[in-house]
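*Asks:* Below, each chain spelled out in residue letters.
2 protein chains.
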Amino acid sequence: MSRNFMLLLQYDGTDFDGWQKQGNTDNTIQGKLEQVLSRLEGRKVEVHGAGRTDAGVHAEEQTANVRLQADITAGQLKEYLNRYLPESILVLDVQRAEERFHSRLNAAGKIYTYRLDMADKCSVFQRKYRYALGQELDAEAMRRAAAYLEGTHDFRSFCANRHMKKSTVRTIEQIDIRVTGTRMEIMVHGDGFLYHMVRILVGTLIEVGQGKRLPETMSEVIRARDRQAAGFTAPAGGLFLTKVLYREEDCRG
Amino acid sequence: MSRNFMLLLQYDGTDFDGWQKQGNTDNTIQGKLEQVLSRLEGRKVEVHGAGRTDAGVHAEEQTANVRLQADITAGQLKEYLNRYLPESILVLDVQRAEERFHSRLNAAGKIYTYRLDMADKCSVFQRKYRYALGQELDAEAMRRAAAYLEGTHDFRSFCANRHMKKSTVRTIEQIDIRVTGTRMEIMVHGDGFLYHMVRILVGTLIEVGQGKRLPETMSEVIRARDRQAAGFTAPAGGLFLTKVLYREEDCRG
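Residue numbers (the numbering used here), protein chains in the order written: chain U, 8 to 260; chain D, 8 to 260.
Same shape as in the complex, but just chain U (with noise of 0.2 Å):
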């Protein structure tokens, strides 16, 4: 008989290939996690994360889930995760999850907060958590772009993907922009997410942001479906999974 169980990872992206596995030279997150999960089990465990981030992407709160054969309560699972695991990599929690509890296909939502500082030279201990845009951005312009891009619509523009052949319809409940000082953090919250589209979509607000780009744009932007008519896509480092939301029932045990 199997267990399933949740786990609440952080991690530090910055010198980790993504999340996801590839191959056998495996510098990723999922990666770590199946090589420690392999040695408790004894044969080859799968860990299956909501959030396939990318390359230097950081977690404050990704979820997995994984099905074990081994005696273990979730608070040891816990401990013996954060034994083994890379110090990058951290442990918040682990709790028994239903059966039928998948992290990613149960996902409910998705919170992503990108960091920016428009300050000349961000701190140096931020180096890897904030990108240094070195430059004002006009919040307010922003802000009203952002409210284009709330609800539901053809998100094709935002999406790195060019063979991507599934829908790319996805709703955005919210994106909130909150300046503190020469500090700007913009939090998206929405179903789900494209290849690279919060960075596009970050990226494309910074160019409203400098003025490059008018807010009432952003229309005919989605409208283009066309990568090409989006913004650059913003550094990784300043990419935080923030949170991954579940309904109440698809996730205890």
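Hint data in this document are derived by calculation from the structure and do not stem from the laboratory. Careful: at least some of the hints might be erroneous.
When chains are identical, the list treats them as one kind, so a pair holds in a single copy or across two.
[Said to hold, decoys possible] Listed below are the simulated SDA-like cross-link pairs for lysine to any residue, each with C-alpha atoms no more than 20 Å apart in a straight line: (1) Lys135 / Pro93; (2) Lys85 / Gly218; (3) Lys135 / Thr21; (4) Lys135 / Gly63; (5) Lys85 / Gly141; (6) Lys173 / Arg232; (7) Lys219 / Asp145; (8) Lys250 / Asp198; (9) Lys128 / Arg90; (10) Lys135 / Arg90; (11) Lys135 / Asp22; (12) Lys135 / Glu67; (13) Lys128 / Glu67; (14) Lys128 / Leu99; (15) Lys135 / Glu94.
Keeping the supplied structure of chain U fixed, place chain D upon it in accordance with the hints.
*Replies:* Frame of chain U, contents of chain D only:
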């Protein structure tokens, strides 16, 4: 004719073998600065730093000075350094200094800040910048102990160099302990510090906060003039050189 420049530097000490140059296989902050400046000058130059921070110790604001023959303004020098230095070293400011100004010999005082987290595990994004103690501390007892350490004393008990022949008398102006949630900041302001002195002071205060030592025993620890009498050496990663202080007349060029 050479010009003396004062440099204000910020660096992430994680990946360096400390401030001070070490022979040829050099991965020190001083070494990186001298490499870049020697290329600019076309001759070997020497950079003087106010504080010789250890491996893994950070600087929020270190002061250094260098004499250059190159026909370059302070602003140009700052730009040049930031272009060629590794991204873990940031030049915050460059100013012309008086010919006789020496960043270390003229320093009137230094402020160091030690950061720790009393929570079980601190955030992965803080792991190189905050000591994850994972234990509640009695801040009030630590403040009472700190009061015994303030003032002018022979700090030989807090010196890791057993063969120190020069005076080990120093003055600590103030030790300030602040708690925010599970986070603690210990600021130490003194006229100068012995080898590992701040980290041993912090380790000793932590032991007081853990209830292993009574605040009043600090006088005995000082009197012992023996490293064995003091506490453990707190890990390097939590320590920051926060500011180097000068008398106004000593620093401007």
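*Asks:* Next, verify each hint and record whether it holds.
*Replies:* Hints and how they fare:
1. Both within a single protomer and between protomers do Lys135 and Pro93 lie at most 20 Å apart by alpha-carbon distance, with minima of 18 Å and 13 Å respectively.
2. Taking identical chains as interchangeable, the C-alpha atoms of Lys85 and Gly218 are never at most 20 Å apart, the minima being 48 Å within one chain and 29 Å between chains.
3. For the homomeric pair Lys135 and Thr21, the shortest alpha-carbon distances inside one copy (7 Å) and between copies (13 Å) are both at most 20 Å.
4. Taking the closest pair of Cα atoms, Lys135 and Gly63 come within 20 Å of each other both inside a single copy (8 Å) and across two copies (17 Å).
5. For the identical chains of this complex, Lys85 and Gly141 are inter-copy neighbours only, at 16 Å across copies versus 40 Å inside a copy, given an alpha-carbon limit of 20 Å.
6. For the identical chains of this complex, Lys173 and Arg232 are intra-copy neighbours only, at 14 Å inside a copy versus 73 Å across copies, given an alpha-carbon limit of 20 Å.
7. In this assembly of identical chains, Lys219 and Asp145 lie within 20 Å of each other by CA distance solely inside one copy; the values are 11 Å within and 54 Å between copies.
8. Proximity of Lys250 and Asp198 under a CA criterion of 20 Å is satisfied intra-copy only: 12 Å inside one chain copy versus 46 Å between copies.
9. In this assembly of identical chains, the alpha carbons of Lys128 and Arg90 lie at most 20 Å apart only when taken from different copies (12 Å versus 36 Å within one copy).
10. Taking the shortest Cα distances, Lys135 and Arg90 sit within 20 Å of each other only across copies (18 Å), while inside one copy they are farther apart (25 Å).
11. Taking CA atoms no more than 20 Å apart as the test, Lys135 paired with Asp22 passes in both settings, with 10 Å inside one copy and 14 Å between copies.
12. Proximity of Lys135 to Glu67 under the C-alpha cut-off of 20 Å is found in both arrangements, the shortest distances being 14 Å within a copy and 16 Å between copies.
13. Taking identical chains as interchangeable, the C-alpha atoms of Lys128 and Glu67 lie at most 20 Å apart only when they sit on different chains, with a minimum of 14 Å there against 24 Å within one chain.
14. When the C-alpha separation of Lys128 and Leu99 is checked against a cutoff of 20 Å, the pair qualifies only between copies, where the shortest distance is 9 Å, while the shortest distance within a copy is 32 Å.
15. In this assembly of identical chains, the alpha carbons of Lys135 and Glu94 lie at most 20 Å apart whether taken from the same copy (16 Å) or from different copies (10 Å).
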